[in-house]
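Novice: Produce the entire structure from the sequences given, and follow the hints as far as they go.
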Amino acid sequence: MSSTDIDLEGVFPAMCTPFDDDERIDFETLQQDAQRLEAAGVDGLVPVGSTGESATLTHDEHVRVVEAVIEAVDDVPVIAGTGSNNTREALELSERAADAGADGLLLISPYYNKPEQRGLVDHYRTIADAVDLPQIVYNVPSRTGRNIEPDTAVELASHENIAGYKAASGDLGQIGEVVERTRDEDFAVLSGDDALTLPMLSVGASGAISVAANIEPERTCAMVGAALDGDYQRARELHHELGPLFRELFVETNPIPVKEAMEIRGYGPARLRPPLTRLSEEYREDLEAVLADLEDSSTEVADTGTEGDR
Numbered sequence: 028m029s030s031t032d033i034d035l036e037g038v039f040p041a042m043c044t045p046f047d048d049d050e051r052i053d054f055e056t057l058q059q060d061a062q063r064l065e066a067a068g069v070d071g072l073v074p075v076g077s078t079g080e081s082a083t084l085t086h087d088e089h090v091r092v093v094e095a096v097i098e099a100v101d102d103v104p105v106i107a108g109t110g111s112n113n114t115r116e117a118l119e120l121s122e123r124a125a126d127a128g129a130d131g132l133l134l135i136s137p138y139y140n141k142p143e144q145r146g147l148v149d150h151y152r153t154i155a156d157a158v159d160l161p162q163i164v165y166n167v168p169s170r171t172g173r174n175i176e177p178d179t180a181v182e183l184a185s186h187e188n189i190a191g192y193k194a195a196s197g198d199l200g201q202i203g204e205v206v207e208r209t210r211d212e213d214f215a216v217l218s219g220d221d222a223l224t225l226p227m228l229s230v231g232a233s234g235a236i237s238v239a240a241n242i243e244p245e246r247t248c249a250m251v252g253a254a255l256d257g258d259y260q261r262a263r264e265l266h267h268e269l270g271p272l273f274r275e276l277f278v279e280t281n282p283i284p285v286k287e288a289m290e291i292r293g294y295g296p297a298r299l300r301p302p303l304t305r306l307s308e309e310y311r312e313d314l315e316a317v318l319a320d321l322e323d324s325s326t327e328v329a330d331t332g333t334e335g336d337r
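Read in order, the letters of the sequence shown are residues 28 to 337 in this note's numbering.
Certain hints may be false.
[Unchecked claim] Between beta-carbon pairs, the in silico distance windows are:
| # | residue 1 | residue 2 | range |
| --- | --- | --- | --- |
| 1 | D101 | V230 | 32 to 40 Å |
| 2 | E264 | T85 | 38 to 46 Å |
| 3 | R210 | E308 | 46 to 54 Å |
| 4 | T85 | A157 | 19 to 27 Å |
| 5 | E116 | R292 | 30 to 38 Å |
| 6 | R274 | Q144 | 26 to 34 Å |
| 7 | D32 | R305 | 38 to 46 Å |
| 8 | E322 | Y259 | 19 to 27 Å |
| 9 | E98 | A319 | 30 to 38 Å |
| 10 | E315 | T85 | 29 to 37 Å |
| 11 | E187 | S229 | 26 to 34 Å |
It is worth saying that the hints were derived from the structure and are not from the lab. The C-beta atom is built at its ideal place from N, Cα and C for all residues, glycine as well.
Specialist: Spelled out as structure tokens, the structure:
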């Protein structure tokens, strides 16, 4: 066991990084957002991942975001995105995040250079050997060009500091195999695809690193909590309520739609750093309609008092 274990069960929003008109990080809004999500009942926060536009942050900005989120919250773990396609760079970011006080690390697999599976094992083990924090291996082949095969995930699960696997391959068979083969390990499989969170939970995943939870944290927590409690009827109801949002948040490259949704809800600006651009006008009306429907249904639930807490 790592000396700094955290509970990787539940909902962990993949946070956005807000920018001002000059594309500088808006730390005040960032901290307010962290506090909003903590108050909503999430189980942890994940800043500076893909949703946090880590690819366009400098290393110093990266660390400052982690520090700001840690400073803002009282009682939830902060899992910092520290991945890179350069092992030395990922190690440096991981060490700096640990020094800043992060509770855990999320490490996307190396992108663009497409290492072989043995290279992936060496990459993750190098960081896990050097940094004594719980680490989550992140498999998202659509961004990296390389799948982390089940054999590789299972091999990595044996390392005391590799605590989990964020699954965003879209391959439920593969995800189920990883769950099945790591049941005897202290190892969490987390959904990295909101639309597949409930199916993943049904085969043994422990939670989600969620984009949608930035917008609907209470409902996302209720869905995941119901499934973890075995109440799949309630979990399915919530999954279907959230389904339109799941789809709208991925009509263009993440985090373009979620940042637009954040602005519509008043949670933060929709600005992105280039080369990402604002959501196309053709999608904004549908996104607004979905958000309005969710607000209306939340009001109806509150009025009738039928919503169950997580």
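Novice: For this structure, which hints from the list above don't hold up?
Specialist: none
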